[in-house]
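A.B. asks: So you can see what is in the structure, the chains are spelled out below.
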Amino acid sequence: MDNLYRDFILEHYRNPHNKGFLDPHDLHFDDSNPTCGDEMSMTLRLDAGGETITDVGFDGRGCAISQASASILTDGLRGQSLDQVRAMNPKDLLDELGVPIGPARLKCALLSYKVLQGAVRGGEFEWPAEAESMTG
Amino acid sequence: MDNLYRDFILEHYRNPHNKGFLDPHDLHFDDSNPTCGDEMSMTLRLDAGGETITDVGFDGRGCAISQASASILTDGLRGQSLDQVRAMNPKDLLDELGVPIGPARLKCALLSYKVLQGAVRGGEFEWPAEAESMTG
Amino acid sequence: MTTQMTPGSGVGSRIPGAFSGTALRTDFPVFDRPTGTGKRLVYLDAAASAPKPRRVIETIADAYGHHYANVHRGIYELSEDATARFEAARATVARFVGAASPREIVFARNATEAINLVAYSWGRANLRAGDRMLTTQLEHHANIVPWQQLCREVGATLDYVSITDDGRLDPDDLRAHLANGPKLVAVAGVSNALGTINPLTEIVRLAHEAGALVLVDAAQSAPHMPTDVAALGCDFLALSGHKMLGPSGIGVLWARRELLEAMPPFMTGGSMIIKVTLDGAEWNEVPYKFEAGTPAIVEAIGLGEAINYLTDLGMDAVREHERYLFEQAWAALREIPGVRLLGPDDPAIHAGVISFVLDGIHPHDVATVFDSEGVAVRAGHHCAQPVMQRYDIPATTRASFYVYNDTDDVEALASAIRACQNLFS
Amino acid sequence: MTTQMTPGSGVGSRIPGAFSGTALRTDFPVFDRPTGTGKRLVYLDAAASAPKPRRVIETIADAYGHHYANVHRGIYELSEDATARFEAARATVARFVGAASPREIVFARNATEAINLVAYSWGRANLRAGDRMLTTQLEHHANIVPWQQLCREVGATLDYVSITDDGRLDPDDLRAHLANGPKLVAVAGVSNALGTINPLTEIVRLAHEAGALVLVDAAQSAPHMPTDVAALGCDFLALSGHKMLGPSGIGVLWARRELLEAMPPFMTGGSMIIKVTLDGAEWNEVPYKFEAGTPAIVEAIGLGEAINYLTDLGMDAVREHERYLFEQAWAALREIPGVRLLGPDDPAIHAGVISFVLDGIHPHDVATVFDSEGVAVRAGHHCAQPVMQRYDIPATTRASFYVYNDTDDVEALASAIRACQNLFS
Ligand SMILES: Cc1ncc(COP(=O)(O)O)c(C=O)c1O
Ligand SMILES: Cc1ncc(COP(=O)(O)O)c(C=O)c1O
Chain A
25 MDNLYRDFIL EHYRNPHNKG FLDPHDLHFD DSNPTCGDEM SMTLRLDAGG
75 ETITDVGFDG RGCAISQASA SILTDGLRGQ SLDQVRAMNP KDLLDELGVP
125 IGPARLKCAL LSYKVLQGAV RGGEFEWPAE AESMTG
Chain B
25 MDNLYRDFIL EHYRNPHNKG FLDPHDLHFD DSNPTCGDEM SMTLRLDAGG
75 ETITDVGFDG RGCAISQASA SILTDGLRGQ SLDQVRAMNP KDLLDELGVP
125 IGPARLKCAL LSYKVLQGAV RGGEFEWPAE AESMTG
Chain C
474 MTTQMTPGSG VGSRIPGAFS GTALRTDFPV FDRPTGTGKR LVYLDAAASA
524 PKPRRVIETI ADAYGHHYAN VHRGIYELSE DATARFEAAR ATVARFVGAA
574 SPREIVFARN ATEAINLVAY SWGRANLRAG DRMLTTQLEH HANIVPWQQL
624 CREVGATLDY VSITDDGRLD PDDLRAHLAN GPKLVAVAGV SNALGTINPL
674 TEIVRLAHEA GALVLVDAAQ SAPHMPTDVA ALGCDFLALS GHKMLGPSGI
724 GVLWARRELL EAMPPFMTGG SMIIKVTLDG AEWNEVPYKF EAGTPAIVEA
774 IGLGEAINYL TDLGMDAVRE HERYLFEQAW AALREIPGVR LLGPDDPAIH
824 AGVISFVLDG IHPHDVATVF DSEGVAVRAG HHCAQPVMQR YDIPATTRAS
874 FYVYNDTDDV EALASAIRAC QNLFS
Chain D
474 MTTQMTPGSG VGSRIPGAFS GTALRTDFPV FDRPTGTGKR LVYLDAAASA
524 PKPRRVIETI ADAYGHHYAN VHRGIYELSE DATARFEAAR ATVARFVGAA
574 SPREIVFARN ATEAINLVAY SWGRANLRAG DRMLTTQLEH HANIVPWQQL
624 CREVGATLDY VSITDDGRLD PDDLRAHLAN GPKLVAVAGV SNALGTINPL
674 TEIVRLAHEA GALVLVDAAQ SAPHMPTDVA ALGCDFLALS GHKMLGPSGI
724 GVLWARRELL EAMPPFMTGG SMIIKVTLDG AEWNEVPYKF EAGTPAIVEA
774 IGLGEAINYL TDLGMDAVRE HERYLFEQAW AALREIPGVR LLGPDDPAIH
824 AGVISFVLDG IHPHDVATVF DSEGVAVRAG HHCAQPVMQR YDIPATTRAS
874 FYVYNDTDDV EALASAIRAC QNLFS
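Residue numbers (the working numbering), protein chains in the order written: chain A, 25 to 160; chain B, 25 to 160; chain C, 474 to 898; chain D, 474 to 898.
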């Protein structure tokens, strides 16, 4: 548990990177975690070709896990192509968090991934199978 | 069990007393045992005053217990007043049967009582509490 | 559903020695109990409900004792543990029926609720005045009355496929009714009153050709033979845990995911919503949309263990075992004068359920005499009154077999019949 | 419902020493289990679902092992035995809630189903376009969404009694809504999100004066204080077995017999009929009319034993025990800076449920940190989103007490809060 709230996570939670709502933006999606009602928005700016991410902002209130996960996830997005984002494996995000996430918190950890996928695919994205073991 | 089917019961079952449908009659009621679908009719003739039973017939198909019980019950009815019949205690009938009736067969044993009460009261009579431990 | 799908298959590959019912009885604590008259319990009422193996009872006790909390949402170890076990049971059920995903498995109290769910949810959304739907004359009340109520409410017509003298669905009558374009065909895998194994593959094919969806009432088939909704191609399937060695209070509706997604909820409340305001609510994903309130958590877990017990035996072996017992019993009973047997003569389309009438002896009396011999059978209309009406009988006596039965039980049945006939002769 | 009926009563007669929660823990096998971090399990989530005493688990295992068969109609010893135990449980429930007769007790899966039953059966038969009905803003989704669905279907209007800043129903708002002549008032005995004990006696009196029937959602009150429908005078009452030390998969609807008699069935199928033909069906007597299919037999029996356990303790003593723990905990938490407590301050109208928010720390994180301390609490909207909306918070952390808790658990709660604050500071 002190495991789960390693300094790394708490640091991202206290000082999240890329927090905010980008205006103007090219892509935008809102989604929520039904298990807790937390909501998150993701705004993206693209390069002239409309294929590569130049800037990203996430917003919304949530727990330490979801906020840290959004902070960590968005950190790696600049310069990525939309295709690369679409091909992302949710497991990689869980690995990057670097702490064991129990089944009850998987949706917290993967909310940012879900919202991001919604943004780059232009519509709600299903919870990854990893998060399906628990329901809202 | 050989208990339940003592000769006394089997004798009444094989040669039921008062079996048949009286026509004409003064009182008549049909009822059924939902646990088995067995149906029974009871017809009564009354004296001129309309208060005392002069003749009785029961009809319908059913198991040995319900048939024997109807045979035994109707045997004692002639000369009884309607008030006496209304005041009858279902326990007395169970006693007269003289064999232990398990809960699953109580409605069989008490169907004749229920039909008789329906006839003298002019409308469906509830199952006596004795029979309520089992449902249809 | 391999076996019942193609009646006649499997002959020649019979393996009566796959397991010994006598040996399996030691798995079931109920057989430790002497009957009131001191006789060995000969339990021939699996079609009503099945005894529970020790493994299932221990799983239930352990779940209540050491792994119990409310499921979903609980952010603590015990709740995560309970949730994992509950969802593992859903996955076990999914594999058992051949579902594409555990998300196609909705837990209900029993097969009856599963069917009512479809009638209320799919039915009220899809059946309109003037529409027709089809069931059969050999169904359990659970697969009749909900449709009567639905059709009455929406103004649709309910038709029934008639049955032959030997208890099979009349294929010509089925075709004739399908020609009227019913929206749904609701049919049992196995008749609990007659033992008939219906030709489901054929029925599904014909119904789909006629544009109808098919609901299979598998309450009486799933416990006794392989079930494979993918191979069968049906649209809905209902079953009850208590008839397949599992706990009471748990049943299953399987439905194709697109159907579940499109259906409105049935009961509403906690767990089945995503968002509630004073103005309205949004529904959760399937299957949770259909599971309002705290589910039958431990009962689902117990059902999972019952399925493990059955799949350890092998559902093909279970079917073969019961087929063997059926053949033995059918042959023995046919020998006894005064016994009228119902249902088909062909063992390929007759499950381990034998319904019979003894000349001049009421089935209630039969069951009472049997009870004194330690033989537990059911007497009555078996919640299938239209079957009784079809054959103009008030009731039948029914003996039904399961894994713990063996030829000694067949002999006990035959001798109880003789004892009964002697008493009433 | 003696205690919660007249808030304020019982003060002075408090008997905190009636029983020791610490000692009772030995009755519950779950407390033998060490938590993942090796700490003692401090279970503070009774409001979601309660652990089971050994007695209840043993009754369930014994029922499955030695007294199990399908109930009703079975003409053999084992089925008569199972039926007698099942119906005895019904009588036990009837006594527990103060019903006039066991026939007023309908078994359902949970409180949610019990409420849905009333919405579908009574509601669709009695609520018309233009009618109003009333619930409150502090209800569990189970006592909101079924009424939203019903009102949408029939074209009636659903109103909500608003709540005060300290989580009580606003009495003026209640009166104002009653003046509009609702047909039904649906209200919780105790709020699971705030702990508020509602003044049911008063509500029932006012509602009846206004011509409304009253449904009490007793899911959160029946486990924790005396229930007496006769004294209370309500019309319907719903509860869940799993919250009162009983099994999952069993709940209860109590309703006055005349109401049950007049109501159409909800689900249909076996057992709830007297006669079925191809043309239609006639319904069985109450309560069987509302129990379609094989019931949750052993779960009902287990609930009966849970009630025996509770009545052995005495429901007045249970209430006093929890009131004592509430007072200890409320005082301790009020001392801790950064803790925001929800619900009424008055222990006479606050059950053993404490909902709180820690400044700057999300309830999910709170629950996770608590878990590492062995403290099991719930975090979320508690299936009462309108309460969260009312106080403009996404979620709360909730600690709820029961018979096995004691002041050591109160201390564990307070120290877990401090640990959490330290980690996030
Ligand atoms: C006040 C209240 N009502 C209804 C319910 C629903 O109970 P169940 O999920 O057992 O149906 C709950 C359970 O959380 C509750 O607390
Ligand atoms: C064919 C069939 N369908 C449905 C049912 C109903 O099952 P349950 O009472 O478990 O809902 C039964 C049970 O007897 C059955 O045999």
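It is worth saying that the hints were derived from the structure and are not from the lab.
Hints are supplied without guarantee of correctness; some may be wrong.
[What the hints assert, rightly or not] From the structure, some residues in chain A lie toward chain C, with a derived Cβ separation under 8 Å:
# : residue
1 : 40
2 : 41
3 : 44
4 : 48
5 : 124
6 : 129
[Claimed, not checked] Beyond 10 Å from chain B on every Cβ pair, some chain D residues (computed):
#  : residue
7  : 557
8  : 748
9  : 786
10 : 892
For glycine and all other residues, C-beta sits at the position ideal for the given N, C-alpha and C.
A.B. asks: State for each hint whether it applies.
C.D. replies: Comparing the hints with the structure gives:
no. : hint : result
1   : 40   : 22 Å, violated
2   : 41   : 26 Å, violated
3   : 44   : 25 Å, violated
4   : 48   : 29 Å, violated
5   : 124  : 12 Å, violated
6   : 129  : 7 Å, holds
7   : 557  : 7 Å, violated
8   : 748  : 7 Å, violated
9   : 786  : 29 Å, holds
10  : 892  : 55 Å, holds
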